[in-house]
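Going down the list, the sequences are from chains C, F, Z and X.
With our numbering as the guide, the letters of the first sequence map in order to residues 1 to 147.
With our numbering as the guide, the letters of the second sequence map in order to residues 1 to 147.
With our numbering as the guide, the letters of the third sequence map in order to residues 1 to 147.
With our numbering as the guide, the letters of the fourth sequence map in order to residues 1 to 147.
The set of hints was computed from the structure by calculation and includes no laboratory data.
What you were told as hints is all true, and nothing was included just to trick you.
Straight-line alpha carbon distances no greater than 30 Å define the calculated DSBU-like cross-link-like pairs of lysine-lysine that follow:
| hint | chain 1 | residue 1 | chain 2 | residue 2 |
| --- | --- | --- | --- | --- |
| 1 | F | 89 | F | 31 |
| 2 | C | 89 | C | 42 |
| 3 | X | 42 | Z | 52 |
| 4 | C | 31 | F | 52 |
| 5 | F | 42 | C | 42 |
Now the stretches of chain Z that chain F is said to cover, found in silico as 3 or more residues with beta-carbon under 8 Å:
| hint | region |
| --- | --- |
| 6 | 95-108 |
| 7 | 126-139 |
What you are looking at is a predicted structure, and each value in this text was computed from that prediction instead of being measured.
Think of the CB as a built atom: it goes at the ideal place given N, C-alpha and C, for glycine as much as any other residue.
Protein chains: 4
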Amino acid sequence: MTEDDQQARACAEHMYAADQASQSLGMQIEKVGAGFARLTMKVRPDMVNGHKLCHGGVIFTLADSAFAIACNSYNLCTVAASAEVSFLKSAFEGEILTADARERWREGRNGIYDISVANGDGVVIAEFRGKSRTIQGAVLENEENTP
Amino acid sequence: MTEDDQQARACAEHMYAADQASQSLGMQIEKVGAGFARLTMKVRPDMVNGHKLCHGGVIFTLADSAFAIACNSYNLCTVAASAEVSFLKSAFEGEILTADARERWREGRNGIYDISVANGDGVVIAEFRGKSRTIQGAVLENEENTP
Amino acid sequence: MTEDDQQARACAEHMYAADQASQSLGMQIEKVGAGFARLTMKVRPDMVNGHKLCHGGVIFTLADSAFAIACNSYNLCTVAASAEVSFLKSAFEGEILTADARERWREGRNGIYDISVANGDGVVIAEFRGKSRTIQGAVLENEENTP
Amino acid sequence: MTEDDQQARACAEHMYAADQASQSLGMQIEKVGAGFARLTMKVRPDMVNGHKLCHGGVIFTLADSAFAIACNSYNLCTVAASAEVSFLKSAFEGEILTADARERWREGRNGIYDISVANGDGVVIAEFRGKSRTIQGAVLENEENTP
Numbered sequence: 001m002t003e004d005d006q007q008a009r010a011c012a013e014h015m016y017a018a019d020q021a022s023q024s025l026g027m028q029i030e031k032v033g034a035g036f037a038r039l040t041m042k043v044r045p046d047m048v049n050g051h052k053l054c055h056g057g058v059i060f061t062l063a064d065s066a067f068a069i070a071c072n073s074y075n076l077c078t079v080a081a082s083a084e085v086s087f088l089k090s091a092f093e094g095e096i097l098t099a100d101a102r103e104r105w106r107e108g109r110n111g112i113y114d115i116s117v118a119n120g121d122g123v124v125i126a127e128f129r130g131k132s133r134t135i136q137g138a139v140l141e142n143e144e145n146t147p
Numbered sequence: 001m002t003e004d005d006q007q008a009r010a011c012a013e014h015m016y017a018a019d020q021a022s023q024s025l026g027m028q029i030e031k032v033g034a035g036f037a038r039l040t041m042k043v044r045p046d047m048v049n050g051h052k053l054c055h056g057g058v059i060f061t062l063a064d065s066a067f068a069i070a071c072n073s074y075n076l077c078t079v080a081a082s083a084e085v086s087f088l089k090s091a092f093e094g095e096i097l098t099a100d101a102r103e104r105w106r107e108g109r110n111g112i113y114d115i116s117v118a119n120g121d122g123v124v125i126a127e128f129r130g131k132s133r134t135i136q137g138a139v140l141e142n143e144e145n146t147p
Numbered sequence: 001m002t003e004d005d006q007q008a009r010a011c012a013e014h015m016y017a018a019d020q021a022s023q024s025l026g027m028q029i030e031k032v033g034a035g036f037a038r039l040t041m042k043v044r045p046d047m048v049n050g051h052k053l054c055h056g057g058v059i060f061t062l063a064d065s066a067f068a069i070a071c072n073s074y075n076l077c078t079v080a081a082s083a084e085v086s087f088l089k090s091a092f093e094g095e096i097l098t099a100d101a102r103e104r105w106r107e108g109r110n111g112i113y114d115i116s117v118a119n120g121d122g123v124v125i126a127e128f129r130g131k132s133r134t135i136q137g138a139v140l141e142n143e144e145n146t147p
Numbered sequence: 001m002t003e004d005d006q007q008a009r010a011c012a013e014h015m016y017a018a019d020q021a022s023q024s025l026g027m028q029i030e031k032v033g034a035g036f037a038r039l040t041m042k043v044r045p046d047m048v049n050g051h052k053l054c055h056g057g058v059i060f061t062l063a064d065s066a067f068a069i070a071c072n073s074y075n076l077c078t079v080a081a082s083a084e085v086s087f088l089k090s091a092f093e094g095e096i097l098t099a100d101a102r103e104r105w106r107e108g109r110n111g112i113y114d115i116s117v118a119n120g121d122g123v124v125i126a127e128f129r130g131k132s133r134t135i136q137g138a139v140l141e142n143e144e145n146t147p
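Using the sequences and the hints given, assemble the complete structure.
Here it is in C-alpha cells:
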C-alpha cells in the first residue's frame with residue numbers, strides 16, 4: 001500500500017466515523033485509495049419506495065458517499081458541487097449494492113468522479129457523475145491537532 | 001380543488017403510505033396537485049455527513065420524493081430515469097427543508113420536473129432536475145380493485 | 001424599458017458583435033432583458049447530421065448563445081461552467097428554432113439558467129440547463145474605455 | 001482490425017458522408033471502433049464567441065459528433081437523448097481539439113458514453129457524458145439496398 005493510499009484510508013475512516021448518514025444506512029467501506037473508493041450497502045425494508053423499489057435517493061446516497069470518500073482521499077476537505085445520476089435498473093429489498101467511485105479528472109480545486117452502482121449479480125443499476133470542489137481545511141486536521 | 005388535483009392527492013397519499021423510505025426520513029407532504037408537490041423534512045442528527053453538513057444524498061432524496069409525487073400525480077405509474085442536482089448551500093442539523101416540485105415538460109411517457117429545495121429562511125440550497133418515464137399500471141389500481 | 005433592461009440590451013449587442021460563432025450560424029436576438037434572452041436561428045443545410053436531422057450540437061449552440069446573452073446581461077463577464085441538454089424532438093432543415101433563456105437562480109458569482117428551444121409550431125424540441133460563473137471584467141468595459 | 005471494428009469504420013464513413021454539420025466544421029475522424037471514436041477539429045475564426053474563446057456550443061458539437069460515431073458503431077441507428085458537458089478550460093482560435101468517445105454502459109436500446117475533449121497539449125478542456133437511444137433501422141441499410 002502506497003503512502004497516498006494509506007492517507008486515503010485514514011481520511012476515509014475519519015470521515016466515516018463522523019458520517020451519521022452513511023452509518024445509519026449501514027454502508028461499509030470495502031476499498032479505498034487515492035481518488036478511489038468502493039462502498040457496499042444492503043437494501044433494507046425502510047429504503048423502499050411506493051413502487052416497492054429501492055428509493056432512487058437511497059441509491060444516490062450510496063453513490064454520493066463513495067464519491068465523498070474518493071474526492072476527500074487527498075486529505076483536502078472537498079464537497080459535492082453537483083451530481084447527475086441515471087437509474088438504469090431497479091434494485092430491491094435484500095439486495096447488496098456496491099458503488100465504485102473513480103476519479104475522472106482533477107485540477108486545482110475541481111474534480112469529476114464517476115461512480116457505478118451494481119447489484120449482487122454485478123449488473124450496473126445506476127451511473128453517477130459527481131463534481132467536487134475543494135474547500136478550506138484538511139480532512140485529518142482535527143486528529144493531527146489532537147495531543 | 002379540481003378533479004385533477006383530487007386525483008393527485010389520492011395518488012400522493014397512496015404512494016406515501018407505501019413509501020417506507022420517505023416515511024423513515026420523516027418527510028411530510030405539504031401540498032400536491034397535478035404535476036406539482038411540496039414536501040418538507042427536518043434535518044435529523046442521523047442525516048449529517050463527515051463534514052457536519054446534511055448529507056447531499058438526503059437532500060437529493062427529499063427532492064426525489066417530491067419529484068416522484070409530482071410525476072405520479074396523473075395516476076400513471078412513473079419512475080425517475082435520471083436526475084441532476086446542484087448543491088448551492090449547506091444545510092444543517094435541525095433545519096426544516098422544503099422541496100417544491102413543478103412540471104416543466106411532459107409528453108407521452110416522458111417528463112421533466114424542476115425541484116427547488118429551500119431552508120427555513122426560504123433560501124434555495126439545491127436545484128434538482130428530474131426526468132421521468134411512465135411505465136405500465138395505474139398508481140391507484142390496487143385500491144380500485146379492492147372490493 | 002427599465003435601466004436594467006437597457007444595460008442588458010447593450011451587453012447583448014456588444015457580445016453579439018464580437019460573437020463570430022453565433023453570427024456565422026445566423027442567430028438573431030429577438031428579445032433581451034435582465035436575466036432573459038430570446039434568440040432565433042434557421043436550420044440550414046449545413047446544420048444537418050448523418051440522420052438528416054438538425055445536429056444536436058447546433059441546437060445546443062443556439063441554447064448556449066441564449067444562455068450567454070442572459071447570464072451576461074448584468075454587465076459582468078460570465079462564462080458557462082456546464083450545461084445539460086435533453087433532446088426531446090427532432091428538428092429539420094428549414095425550420096426556425098427559438099431559444100428562450102430565463103434565469104432560475106443567481107447568487108454571487110454563480111447562476112443557473114433554463115433554456116427551452118421550440119420549433120416554428122411552438123413545440124419544445126430541447127430543454128437546456130446551464131450553470132454560469134462570473135469572472136473578472138465588465139462586458140462593456142472596452143466600449144466605456146474607448147475615447 | 002476485427003469485424004466489429006470494420007463495421008464501426010463503415011458506419012462512421014457512411015454517417016460522416018451525410019453529416020453536413022460535422023463536415024462544415026472541418027471535423028476529421030481519426031480513429032473509430034466498436035463503441036469508440038476519436039475526432040479532431042481546428043478552432044476557426046468563425047467558432048469564437050464574444051469573450052474571444054471557442055464557443056462552448058462548438059466544443060459540444062465536436063464531442064457530440066464523436067459520441068454519435070461511437071454510439072452508431074454497431075450499425076443500429078442511434079440518437080442522442082441527452083448530454084451533459086463541463087467546460088473545464090478555455091479553447092482558442094487556431095487550436096486543434098481532439099474528442100475521444102468511449103462507451104461506458106450499453107444495454108438494449110440505451111447507452112452511456114463519455115467523451116473527453118483535449119487541446120493540442122493534451123490538456124482536457126471539456127468532459128461530456130451522452131445518453132443514447134437506439135431507434136429503428138440500420139446505419140448502413142441504404143448502402144446495402146443500393147444495387
